[in-house]
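Novice: Each chain, written out:
There are 4 protein chains.
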Amino acid sequence: MAAPVENNDQLVLSEDPNHPANLICSLCRNFYTHGWVTGTGGGISIRERCDAHDRIFIAPSGVQKERLQPDNMFVMDFPTKSYLRKPLNLKPSACTPLFMAAFEKRGAGACIHTHSQAAVLCTLLTKGRVWRIGGIEQIKAIPKGYGQEGYMGFFDTLEIPIIENTAHEEDLKDSLEAAMEEFPNTCAILVRRHGVYVWGDTVWKAKTQCESLDYLFELGVKMVQLGLDPAAPIAAVEED
Amino acid sequence: MAAPVENNDQLVLSEDPNHPANLICSLCRNFYTHGWVTGTGGGISIRERCDAHDRIFIAPSGVQKERLQPDNMFVMDFPTKSYLRKPLNLKPSACTPLFMAAFEKRGAGACIHTHSQAAVLCTLLTKGRVWRIGGIEQIKAIPKGYGQEGYMGFFDTLEIPIIENTAHEEDLKDSLEAAMEEFPNTCAILVRRHGVYVWGDTVWKAKTQCESLDYLFELGVKMVQLGLDPAAPIAAVEED
Amino acid sequence: MAAPVENNDQLVLSEDPNHPANLICSLCRNFYTHGWVTGTGGGISIRERCDAHDRIFIAPSGVQKERLQPDNMFVMDFPTKSYLRKPLNLKPSACTPLFMAAFEKRGAGACIHTHSQAAVLCTLLTKGRVWRIGGIEQIKAIPKGYGQEGYMGFFDTLEIPIIENTAHEEDLKDSLEAAMEEFPNTCAILVRRHGVYVWGDTVWKAKTQCESLDYLFELGVKMVQLGLDPAAPIAAVEED
Amino acid sequence: MAAPVENNDQLVLSEDPNHPANLICSLCRNFYTHGWVTGTGGGISIRERCDAHDRIFIAPSGVQKERLQPDNMFVMDFPTKSYLRKPLNLKPSACTPLFMAAFEKRGAGACIHTHSQAAVLCTLLTKGRVWRIGGIEQIKAIPKGYGQEGYMGFFDTLEIPIIENTAHEEDLKDSLEAAMEEFPNTCAILVRRHGVYVWGDTVWKAKTQCESLDYLFELGVKMVQLGLDPAAPIAAVEED
Chain D
1 MAAPVENNDQ LVLSEDPNHP ANLICSLCRN FYTHGWVTGT GGGISIRERC
51 DAHDRIFIAP SGVQKERLQP DNMFVMDFPT KSYLRKPLNL KPSACTPLFM
101 AAFEKRGAGA CIHTHSQAAV LCTLLTKGRV WRIGGIEQIK AIPKGYGQEG
151 YMGFFDTLEI PIIENTAHEE DLKDSLEAAM EEFPNTCAIL VRRHGVYVWG
201 DTVWKAKTQC ESLDYLFELG VKMVQLGLDP AAPIAAVEED
Chain H
1 MAAPVENNDQ LVLSEDPNHP ANLICSLCRN FYTHGWVTGT GGGISIRERC
51 DAHDRIFIAP SGVQKERLQP DNMFVMDFPT KSYLRKPLNL KPSACTPLFM
101 AAFEKRGAGA CIHTHSQAAV LCTLLTKGRV WRIGGIEQIK AIPKGYGQEG
151 YMGFFDTLEI PIIENTAHEE DLKDSLEAAM EEFPNTCAIL VRRHGVYVWG
201 DTVWKAKTQC ESLDYLFELG VKMVQLGLDP AAPIAAVEED
Chain R
1 MAAPVENNDQ LVLSEDPNHP ANLICSLCRN FYTHGWVTGT GGGISIRERC
51 DAHDRIFIAP SGVQKERLQP DNMFVMDFPT KSYLRKPLNL KPSACTPLFM
101 AAFEKRGAGA CIHTHSQAAV LCTLLTKGRV WRIGGIEQIK AIPKGYGQEG
151 YMGFFDTLEI PIIENTAHEE DLKDSLEAAM EEFPNTCAIL VRRHGVYVWG
201 DTVWKAKTQC ESLDYLFELG VKMVQLGLDP AAPIAAVEED
Chain C
1 MAAPVENNDQ LVLSEDPNHP ANLICSLCRN FYTHGWVTGT GGGISIRERC
51 DAHDRIFIAP SGVQKERLQP DNMFVMDFPT KSYLRKPLNL KPSACTPLFM
101 AAFEKRGAGA CIHTHSQAAV LCTLLTKGRV WRIGGIEQIK AIPKGYGQEG
151 YMGFFDTLEI PIIENTAHEE DLKDSLEAAM EEFPNTCAIL VRRHGVYVWG
201 DTVWKAKTQC ESLDYLFELG VKMVQLGLDP AAPIAAVEED
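Line order of the protein sequences matches chains D, H, R and C.
The opening position of the first sequence corresponds to residue 1 in our numbering, with each subsequent residue numbered one higher.
The opening position of the second sequence corresponds to residue 1 in our numbering, with each subsequent residue numbered one higher.
The opening position of the third sequence corresponds to residue 1 in our numbering, with each subsequent residue numbered one higher.
The opening position of the fourth sequence corresponds to residue 1 in our numbering, with each subsequent residue numbered one higher.
Calculated from the structure, these hints are not laboratory results.
Among the clues, some could well be false.
To be clear about the criterion: a stretch of chain C counts as covered by chain D if any three or more of its residues have a C-beta under 8 Å from a C-beta of chain D, and this derived list gives those stretches [unchecked claim]:
# : segment
1 : 39-46
2 : 119-125
3 : 158-167
4 : 190-204
The structure presented is a predicted model; accordingly, all values stated were derived computationally and were not measured.
A virtual CB, placed ideally from N, CA and C, is assigned to each residue, including glycine.
The task is simple: from the sequences and hints, build the whole structure.
Specialist: Pasting the structure below:
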C-alpha cells in the first residue's frame, strides 16, 4: 500500500534553493514586491522533468503567496495526473487546470499567473481580443514562438491574446486552450479584468518573460497616459 | 492585589512570530512599505480568543509603526474592557474605539487602519457616500458579508461606504457604527480625506482583504486617470 | 594641545543604534528607498544636547547617502561652532549653513533635506510663494508651530513657504532664514526646483514630519493630475 | 602554455565587497529594485586600473542581473583586448562593444546600461535627437564634461543625445561613438525605445550619475504629464 500522500514531505523538503518547492516560495516573495500576487491572488507552478520522474509542484489556493512554505506545496505525478503529495487542510490552486494547459500543450517548464494592475489596465484599454506593442527593445526578451529557436526582434510587433474572464477561474481553461491554438507562438495570455498567464521552457525563462511582459504592459499604459499609441509604427510616434 | 498593569510583560513577550504582539510589529513593517502608515498614522489591532481568555492587542498612539516593539503594546481584557497591560509613557491608539466597533459589532479577529493615498483619492473622486467598482477579478477576495459563507463574485459590484472625517479620530465612532448598520455586509469603511478601516475574521483575512481593497482603490484611481469608470457595467467599458 | 580633530573616532563609534552617527546612516538608507537622496543629494543633521555637551552631527558632502558609515560623520561643538571631528578627505555637507539655521532659529533637534520629486513638482505647480493643502487627515501630523503645543487640525490649511533656488546651496541661507521669520510656525521650507528642508524638535519628530509632508506633497500632485485642487475648501471638492 | 581562461577564478573571487566582481553583483541587485534591469536587460561593466594591470569586468549576456554571482564574470585585459577569464556556457554581454566605447573614448571607470522606463519615455516624448531639461537642482550632479573639472550648474540646461535603436545591440556602436564625438561633454547617451548608457570616471561616479539622470528622466516625464515643459526657461514655468 502506498504511503498516505499527506506525508510525502521528502518531495518538498530540500536544502537546495533551486528545488522547485523552495523556488516557488522565493519567487512568490519576489512577485509580492512587484504587486503581482496581492491578497492571495496569482501564483506559479513548476514542472520538474528528469530521467527518474516528471512532476508538477503547485502552490495551494487561498494562501498569502509571500508567506508560502515548502511544505504547503502539492506535488503531482505528471504522466498519471495523480497527486503524490497533498497537504492536509489545503486545496491546490484554482489555477491548476490553466497551469496544466501550459504544461500539456506547450511543454512549459513553469507557468506564472499574476494579477498585475498593468496587465489588467492593458485589457481595459484594448477593445479587441489582442493587445499589441511594437518597437521597444524589451520585446527582444520574448521568444519567437513554440517550437522555434530565438527571440523576437526590435522591429516586430508583439501580440498577446486577451480572453474574457469567467466567474470561476477553472472555467477559463477552454478559452485559454483555444487562444493557445489560435496564437500558437504566444508565451502569454491576458485575461480581461483579471491578469495574465505567462509560461516558459524553464522556470527562469518563465520568470524573465513574465518580467519583460509586465515591463511592456506598464510602459504601454504610461504611453497611453501620455497620448502615445504603443502599437503605432515606429516612425509614426516620432513624427506625431 | 493585582500586579501593576505596566509590568505584565509576559502578555507581549514571546518567541512565537505569530504571537499577536509580534505580528503587529511585523505587519506594521509590511504596511510601512506599502505607504499605509506614513508618519505615525494608521495601525492594526488583533483579538486573541481562546478557551483561556479573550484579549485585544493595541499599538500605541503617535509611534512610528515600522519601529514598533512588542513591549510597546497595550493589552485589553475584551469581556471587561479593562487594560491588562499599559506601557508607561504611551497612550493607546486613537483608533481604539473604532477597532472596538469591528470587534464588538462584527466579531472581527483583527482590524487594520491605513492612510493609503489610493483610499483617500477614491474618497475625493466620489461625490456620494459609496465608492463602487465592478468586474475585476480581485473583488473575489472580498467576503460576501457578515455571517455569510463565501466570497463575492467577479460579476458583482463592490460597494464600500464612505463616512465624513471628523476633527478627532475617536469622534468617527458613531458614524462608523452607523455605516456598519446600514451596510451590514461590508468589511471596510472609507473615511473621506483620511483613509480606510478594514476588518476580518482573522488577522490573515483582515490583511488579505486590506491588500485586495487597496489594489482595487489603486486600480480605480488609475482607471479614472485613463478615462474609464470603475463602476461601469462590464460591457460598457469594453465598447466605450 | 588638542588631539587632531581627524582622530576623534570615539565621537562617532558606538554600539547604540540610536547614537546620532548610527542613526544618520540608518535613516539615510531609509530615505534612499523613498527616493529622497538620489545620487548624493539630500541629507540629515542631528543635534545631541545633554548636560555634558551640545553637538551637531553632519554627513559629508558628495557621498552616496545609502552607503554612509559612522566614521564619515563630522561633529561640531554647537556653542563654539568649532569642529570636534573632521574626517580626512571629506567636506561637510553643503547644506550645513541651512541645517544650522534650523538649529539656531528654531531650536531643532534634527533637520532633513530631501530632493523628493513630489516636493519639486509641488514647487513647479505653484506660481506663488506658498504651497497649500487643506482637509487631509495627515495634516494632523504637523505641529502647530514654533513654541506652541499641539498639532494642526483636520480643518486647517497647511501652508509651506517656497523660496527660490540659488546657484550654490549655501546661498539659500538668507532666504531660508527670511522665510523662517515670515512664517514662524512652519516646520519646513520648500526650495523651488530643488526639494525641501524639514526640521523637528527631535530626530523622530523631524522624520515623521518629513514623511507626512512628503505624503501630502505626493497626494497634492496626484490631486492636480486628477483635476482636484489640494487647497480648495472641503465642501468645494465634494460638490465639484 | 597559458592556463585555460575558463579557470581563472582568482580573478573574480574575493572577500572584498569593493572587488569589481562583487560590486557588479551588488549593484545589479540595486539596479533591479529600480526597474533598470528587468528580465535580463541592462548591466554594468567596471574597469580596474592599477600599477599591475588594467582590466575590464563584464557581466554575461542573458542572465538575470539580480541573481549574478562573481563567478559569472568575464575578465578582459584592456590593453590587449584578450579575455583573461571566460565562464563556460556563458557569453559576454551584448553591450560589451558599447561599454568599450566608454572605456576607450572617454577613459571611463565604469559604464552602466539600463532599460529604465523613464529613459524610454523621454525618448518617445522627444521628436529630435536631444533630450533637454533645465533648472533642476539635481542637474548639479552631472559633470561639466570630459576632461573638464567640476559639475553643471543649476541654471544650465542639460542635453542628452538620443541615438536610434538598431536590430542588434552591438550595431549601436557606430552611432554611439558618433554621438560621443558630437557631444563630447555628455556622460550619457539615450537610445530611442531602448534605454540609456551612462558612464563615469569611477564606478561610484557612474552610479550616482546614472541615478541622477534617471531622477531627471522621471521628473521630466511627470512634468509633461502635468503640462509643464522640462526644457522651458525657468521664468516661463513660474509664470506659465
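Novice: Could you run down the list of hints and mark each one as holding or not?
Specialist: Hint-by-hint comparison with the structure:
1. Taking a C-beta to C-beta cut-off of 8 Å, the segment 39-46 of chain C contributes 3 residues in contact with chain D, enough for the three needed, and the coverage statement holds.
2. Counting residues of the segment 119-125 of chain C whose CB lies closer than 8 Å to any CB of chain D gives 4, which reaches the minimum of 3, so the coverage claim holds.
3. Counting residues of the segment 158-167 of chain C whose C-beta lies closer than 8 Å to any C-beta of chain D gives 3; at least three are required, and the coverage claim holds.
4. Given as covered by chain D, the segment 190-204 of chain C passes the check, having 5 residues with a CB less than 8 Å from a CB of that chain where 3 are the minimum.
Checked against the numbered hints above, the structure breaks none of them.
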